[in-house]
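Trainee: Listed below are the residues making up each chain.
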Amino acid sequence: MELSKNPGQLLSSIATNERHGENSPYFDGWKAYEENPYHPIKKKNGVIQMGLAENQICFDLIEEWIKKNPKASICTAEGVDEFKNIAIFQDYHGLPEFRQALASFMGRVRGGRVKFDPDRIVMSGGATGANELIMFCLADPGDAFLVPSPYYPAFDRDMGWRTGVQILPVDCDSSNGFLITKAALEAAYEKAIEDNIKIKGLLLANPSNPLGTLLDRETLTSLVSFVNEKNIHLVCDEIYAATVFKSPSFISVSEIIEEMGSEICNRDLIHIVYSLSKDMGLPGFRVGIVYSYNDAVVSCGRKMSSFGLVSSQTQHLLASMLLDEEFVGNFLEESSRRLAKRHEMFIKGLEQAGITCLKSNAGLFVWMDLRLLLKEQTAEAEIVLWRVIINEVKLNVSPGSSFHCTEPGWFRVCFANMDDHTVEVALKRLHAFVRQEKAGGN
Amino acid sequence: MGFVDRSQENLLSKMATGNGHGENSPYFDGWKAYENDPFHASENPRGVIHMGLAENQLCFDLIQDWIKKNPKASICTPDGVDAFRDIAIFQDYHGLPEFRNAVAKFMAKVRGNRVRFDPDRIVMSGGATGAHETMAFCLANPGEAFLVPTPYYPGFDRDLRWRTGVQLLPVVCESSNNFKVTRKALEAAYERAQEANIRVKGLLITNPSNPLGTILDRETLRSIVSFINEKNIHLVCDEIYAATVFSEPGFVSISEIMEEEITCNRDLIHIVYSLSKDMGFPGFRVGIIYSYNDAVVNCSRKMSSFGLVSSQTQHLIASMLSDDEFVDRFIAESAKRLGIRHEVFTQGLDQVGIGYLKSNAGLFLWMDLHHLLKEKTFEAEMKLWRVIINEVKLNVSPGSSFHCSEPGWFRVCFANMDDSTMELALTRIITFARQSEELRIQRKRQCWASNRPRLSFSKRRMDDIMTTQSLLSPHSPIPQSPLVRART
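Going down the list, the protein sequences come from chains C and H. Heads up: the first sequence begins at 1 in the numbering used here, then just goes up one per residue. Heads up: the second sequence begins at 1001 in the numbering used here, then just goes up one per residue.
Bound-form chain H, shown alone:
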């Protein structure tokens, strides 16, 4: 509810009466549609399927299995209750040593043990949400800015800006080169800031990317490091999806770049992490700041008092992530299942010629529907989106909510549901795509029939080819077009 009456405007802070929370964005209409009509396999099979939530629900069986076998990880089991008191009174903002050790070890394993993390640099926060806000508070003053490559996670607008007064300036990335973060784009963004007299304090990258699902290659990372050193600005790397990489090429973390032969002022480098995506525990609010800058570790640790991880949860996580055998198995299995899910989904989209950005990480796909837009505008994107929500009954996220510079892209999450729901979602997409295609063909035929009879023949041939292509797929259930039959 965005309305605040006049009398409140004077009573409350500017922050409270403004829109900095970001929830008045149309992005949330999809959520509302879902909440009003949520899909349920048996009770509401025609409801809206939530594909706007980047959650990892694929490996809970492994976790539950571990929980059952490790009662001492809990302070509530008969085996573990003797630790209840000590844990319940533990509020030291350094966190339980075993928690920091376990998280440091986990972060290393996720990076194939190619780097080590120092437990004394692990700082807690209220989820990654809290981590990003804390970083902004530590690194920038109100009015100063962070550069962020587009498209980016919508929550950054709130996390980095709302209560801090820090600005976010886009580094525009384009589909023409697969949304790569180029030096040119970085320089252009920096220049624009200079011209507008805005002081840039840092660059925020998300690697693996949300919403793209791609990873930054070594060359790009090194170029980014060189850029920030040159400008003497911070680099905040959100590596929250690090363990969701499911196929080659392998993930390269900024921490690995730090270990290489590279000129870099380590005081500029910071990592934001969380267990919300890699482990699938968003409810547990385990946010982590890892900084190579001692003053930042120090300051953010003091700030962590505003959002410490519950000691009950620290205790559980410490136990779980210290179990090497479990962790190795979990990381491998999670990646495997994500890979399978991704493959099933992309194969489905291939059937109907829906394009998507080739990706190897994340819990989502960056789907290209620009051919379904009436015009290449964001209004058309919104129109299409409303159709997808209200008629196809899928809550996907429109590219504009990620500040994408090109209309027609949609982020579709696929790891927050079971196999059958995913199949259903895929069926709905395929059906919609085919209906749209048929509609488009019909319209074109009507148009040609009434306007350009001579040209219609060659265009019809084109249509036949296009239709035939999809028919050539061994998986296609569509009956053969009469035209094709007639020809053969």
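Same shape as in the complex, but just chain C:
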């Protein structure tokens, strides 16, 4: 234990390892954007940010609601009398009306096909905090969770950084439209056993990020059976539930377990992670939710929520907003409609440029297939192509490798964080690029 002045040695292993994931090349695209961000007037040749899965499509509806509902705020003349009560409210159960509102909203997003119990709603610091929290509840350091790839890059950090939990990918590829197969799951599970790794659960993102696809009833049911068979947990990240913009409609794990009944499915294994960051477009508000069917997990999770409660000011605002049934109904419908329109515009534009995408009906992005533009079907070639897209085409898209996709050539491209005009500019650039590449005899 040398008394060195090196700050790195003074810190914990967690502080000095790389599991925060930010040294991945994935962030180079962000840096390129930050150094030269696109602006329709001031920086027409800047980098367009297409790496951020944000939903900026319906703010007009929200702003209109805000203007009509001053009591939702503790800062308006109409609402300030509540300021003190809200400012001192730190109960980790959360405001009862907030929990009611979230439970109600989650039910509406699933077409009223299931009901959610407000007493199972546990707050967390965004979905980021929710994913970490559920891991702390379900797994010990060194334990593992299976996660189908391609998957959201930050799962590595959220689930594993401070928890010590491992992620074991279950690789999916385009040969079957990136479907999760029972065979692939079993193989991953078996391998873990051989390697002496204890699997505590399976994590699914449904709708999928980055694919934008949904799990069908058969697959979901089979996955629920799988976890029951192995007596492991199922964590479903349903953060994009309301971004489904055309059929088939979303089927939530909450519906499957209703159908299966408690004799077939042990509900103590089932947990949902949710947030308002994507469905409502409010990532800054840090509204993360853990919804568990396991009482002990609700209880423990709630105690842990002290580390990342939702600001009472924000709870108060959203309680009001999401209990307004008319607003919610209208919002969900309009959001869906606008996303569908944007998606349609985008894929048509890509088609014209000769680019295909994985067929999808949800999410704020498309999974773009640029395999034909790769010099070779390797991860290195994908990165080379990616740097070209960032530096020359000036679009910050996200390379499939950052999502742990085992098949090179796929890119996630976000389309809901910009206006129509910017989408057109992006499409033009892609069109020009592809033409150029084809002309180059690629």
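All the given hints hold, so there is nothing to weed out.
With a straight-line Cα cutoff of 30 Å, these simulated DSS-like cross-link-like pairs (lysine-lysine) come out:
#1 K1032/H / K84/C
#2 K1302/H / K303/C
#3 K230/C / K303/C
#4 K84/C / K1393/H
One side of the interface only, derived from the structure: several residues of chain C facing chain H at Cβ under 8 Å:
#5 L10
#6 E63
#7 A139
The hints are simulated quantities; they were obtained by calculation from the structure and are not laboratory data. Please read these numbers as outputs of a predicted model, since none were measured by experiment. C-beta atoms are modelled at their ideal positions from N, C-alpha and C, and glycine is treated no differently.
Got chain C; can you put chain H on it based on the hints?
Mentor: Coordinates of chain H only, in the frame set by chain C:
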């Protein structure tokens, strides 16, 4: 609910099935008693008054007044809604620049502008709760330890240990020298850790202290800095009560010590802060880590993703704390009102000879009830505490829950209620103290009457003197003792 059935033990993590959350401590019985029978001035005037919650509710009128005058601070007013979209999508873990600037400025003002804080070192967290956990994650590995002077805030057990696996080792402080943190106690604690083969990574101090309400003087602070440098361990200073200092001596922050001529490796120094106590906003979850160590700033900032401050709240706070005139007025008025509240409370206790640690900060008093204990044990303390909760109907916090090494101390919060509730609480305490005293006198008399008739006279004189002393107080409402009357 602490029960977890056997089948869950294998299903869940060890963390989930253990008691590391700390809620099975008897400390929470008081809360439960309150929740089952909460005081309300009109609807439940005989209910339990909550004196276990260190909250600052004295200055909401000032804040509400400011809110009304500054509609642009909100993204929900007609004046402010144009900022709604930009704020709602802002999730950068650096935080809004204006938020960091405002917090840095506020922290400086709270320290009389004797130091400046760098906004780029301001890192957000999920309240101070999240800040402490993040610090433990950054500075220590599972099994390693932090030293903490006793008595200390019970939540530290959960915040620093539960999910991190870090240990807390007490630095025992005693009433004989007003619970001062001595070099001797620090060294003893460090030695004990060495002997137990536990690696100490740091020292956590709370200044102003919870539950003591006292501040560390310059000499002690410098001695602490010297100690941690010598051992090459971190110093985490929780300064969450910095603006609750209401009388002399003035607060000295670790940041001021850093500016003085002192040998110190700045990479060892970190401050935890929050707006929960100084501003009275625990619901807003505004936790702050301020580190002089670049790597810690960097790492904790990445970790802040697990508990960022809502951008809506950042925006409001940025506005409020940038208003220099408001902030200056608030800090001054808050201290003034706390001082008055403290004085009223302590004068009440003086009337009945209840001792307390002399303090000049915090939202509570460290009350000495050891003379009411049947024996000097923690069991007796618990017994007394249950009486105070169930019969006196006050939820105060027993010293043992703060890991105090001596039984008989209780933390009593006084800033989370209005004046009339406080008067009522004080009346209940005074009545209880007097009843206890009378009971004690009666018992002693019975005892002497039956055992030692000859000695009783001198002891009775002693009692008379003691009773007379309280009667001499101009504020005492107790009727004169017949003995005293008889003598005069």
